[in-house]
Amino acid sequence: MEAFRRTPLLLSLLLSLLSTATATSFKPNISYYIDCGATKAIDFSNDSPPRIFKADDDSNLLSDNNSISLSNPNNSSTVSLYSTARASYSIFTYKFKMHPNTSNVLRLHFLPFSAPSHDLSTAKFSVHALNYILLDNFTVSDTASPTIKEFFLWTDSSDLEVQFIPQSKSIAFVSAIEAFIAPQEMLSDLNPTLIGDAAKPINGLLGNQVLETMYRVNMPGPLITPENGTLWRTWFTDDPYIYYADASNKTSVSTSLNYVPSLGSSEEIAPDAVYNSARIINVSDVQFISNPGFNINVTWGFRVDSGYQYLIRLHFCDIISETNSLDNGLVFTVYIMDYLALKNNLKISEHTTYPQEPFYIDFIAHVTSAQNITVSIGLDTTDSTKKNALLNGLEIFKVNNLTTNSRTLKKNHLAVILGATIGGVIVIALILSCIVVVSIKKQHQKHTPEVKETSHLLWSPMTGGVNSIDNSSKSGGATTIGASPRVDLGLLISFAQIKMATGNFDEKNLIGVGGFGKVYKGVLSNGIEVAVKRASSRSQQGFPEFQTEIEVLSQIRHRHLVSLIGYCDE
1 MEAFRRTPLL
11 LSLLLSLLST
21 ATATSFKPNI
31 SYYIDCGATK
41 AIDFSNDSPP
51 RIFKADDDSN
61 LLSDNNSISL
71 SNPNNSSTVS
81 LYSTARASYS
91 IFTYKFKMHP
101 NTSNVLRLHF
111 LPFSAPSHDL
121 STAKFSVHAL
131 NYILLDNFTV
141 SDTASPTIKE
151 FFLWTDSSDL
161 EVQFIPQSKS
171 IAFVSAIEAF
181 IAPQEMLSDL
191 NPTLIGDAAK
201 PINGLLGNQV
211 LETMYRVNMP
221 GPLITPENGT
231 LWRTWFTDDP
241 YIYYADASNK
251 TSVSTSLNYV
261 PSLGSSEEIA
271 PDAVYNSARI
281 INVSDVQFIS
291 NPGFNINVTW
301 GFRVDSGYQY
311 LIRLHFCDII
321 SETNSLDNGL
331 VFTVYIMDYL
341 ALKNNLKISE
351 HTTYPQEPFY
361 IDFIAHVTSA
371 QNITVSIGLD
381 TTDSTKKNAL
391 LNGLEIFKVN
401 NLTTNSRTLK
411 KNHLAVILGA
421 TIGGVIVIAL
431 ILSCIVVVSI
441 KKQHQKHTPE
451 VKETSHLLWS
461 PMTGGVNSID
471 NSSKSGGATT
481 IGASPRVDLG
491 LLISFAQIKM
501 ATGNFDEKNL
511 IGVGGFGKVY
521 KGVLSNGIEV
531 AVKRASSRSQ
541 QGFPEFQTEI
551 EVLSQIRHRH
561 LVSLIGYCDE
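Residues 1 to 570 in UniProt numbering are what the sequence shown lists, from first letter to last.
Possibly wrong hints are sitting among the right ones.
To be verified - Keeping only pairs whose Cα atoms sit at most 20 Å apart, straight-line, the calculated DMTMM-like set for lysine to aspartate or glutamate is:
id, residue 1, residue 2
1, Lys200, Glu322
2, Lys533, Glu507
3, Lys250, Glu322
4, Lys149, Asp189
5, Lys124, Asp142
6, Lys149, Asp197
7, Lys95, Asp189
Honestly, the hints are just simulated from the structure, not real lab data.
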């Protein structure tokens, strides 16, 4: 985007108008805040802006008379919003009147408890809305803190019905519901950038999709709550998701930001607290003087379900540069799932007009089997005068493609397939039985040589030892390494060879820091120049990610990525 050329007086006036434009809190013209199972309203005066959650028995929203109101026997230790719940052993529905042709926010709150004859922690149910399956075979076992599921739903008509459908002999419940019209600019992107060959373009506006919020993260923090944020959202800190935090520094400012609503930036997209803080790369000019080829990246990882497309929204605001001119602004690389996310490196000044102007970029990625989305920022080593990078915030949304119609079709197809398969199996079994009988008659006198079973070598780069790190992963908790077979790629290199290639990991050969630890340059005995990534005891990545990276990199051939030559598991 070409920077506007303004006089200082006009620029000052525009910045003043920008600040004024975002001074008021968003108030949706249609909204519902329901305390399910309650008999009286609850006033949340500390929310921004304040809200009142009304009792559902005081409304016409509930359409089922068989549902029951349950109260938590341990009321004294529970937040008032979660002291009751609406529950039923049959389907119950909430009906909301919204504006047609709008995108709406739906938040469902769950906190199970045990009431007389009803244990909500054992509940198993589904939630449907607008013919989409929002939650399927859903259970909530955490009784200590609430589980909140957020969705964005497009309504063609004015009706938004939310159904809670218990599984056979089980109960369905909900603690609280929020439903309100989303800001128009929030999901207005027509062409999110596609990541990898598997990603497919979104049909129409993002606002026309059914999205489930998976992650909402403020880099590096602080925690943002409904009391101090916008749209009553919670933004978590990035501590559980960052790999090797020592590769980064935290920075924050307390200055006015320059939102440009006409270009899609506003506090409703993300609040000041997101754009006023950032993770930057831990790098200094001295390192470039001693090693001009020095490189480093900061990486985050997020566990997701495979088989879905995901909207990945990255939030940026340059709060570390003294100027935002075309020549002196930040330029850096962004990687998503090991792909270079932008064809040309991210140049802040091409996305902004004013200093400290927030903006975001949307990406679409299809997750096949990895079940992990990684996001990395790295240095631009070509022509950038300011060698650093930053990320202020991140959101990940699952694009819902599961409808009640597709579920019905799937069941019908399954029945046909099973019928044909069972029939085929019976025929094949009869044929094989005849072959076996004939074979036995012909060969019953032949000696069958003994076959010795050989088990796969069990391995892990994280097993105990001098050159290993603890086998744990923040994304998945403790891992049992005994169940993991050796990665059979024919790429095994001995530790002795790697030590010789890198000069026993001489710090003079350090060229960067990645998700697992430090990266060294080296030369193998056959003359091949290599970059060696060595796992560190301070890394937050564990065995599953290490194995996944080896398997993925062994198959990737991309001009922006180095090929995997080998690995060492000693």
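Tested hints:
{"no.": "1", "hint": "Lys200 / Glu322", "result": "violated (39 Å)"}
{"no.": "2", "hint": "Lys533 / Glu507", "result": "holds (13 Å)"}
{"no.": "3", "hint": "Lys250 / Glu322", "result": "holds (17 Å)"}
{"no.": "4", "hint": "Lys149 / Asp189", "result": "violated (23 Å)"}
{"no.": "5", "hint": "Lys124 / Asp142", "result": "holds (13 Å)"}
{"no.": "6", "hint": "Lys149 / Asp197", "result": "violated (30 Å)"}
{"no.": "7", "hint": "Lys95 / Asp189", "result": "violated (29 Å)"}
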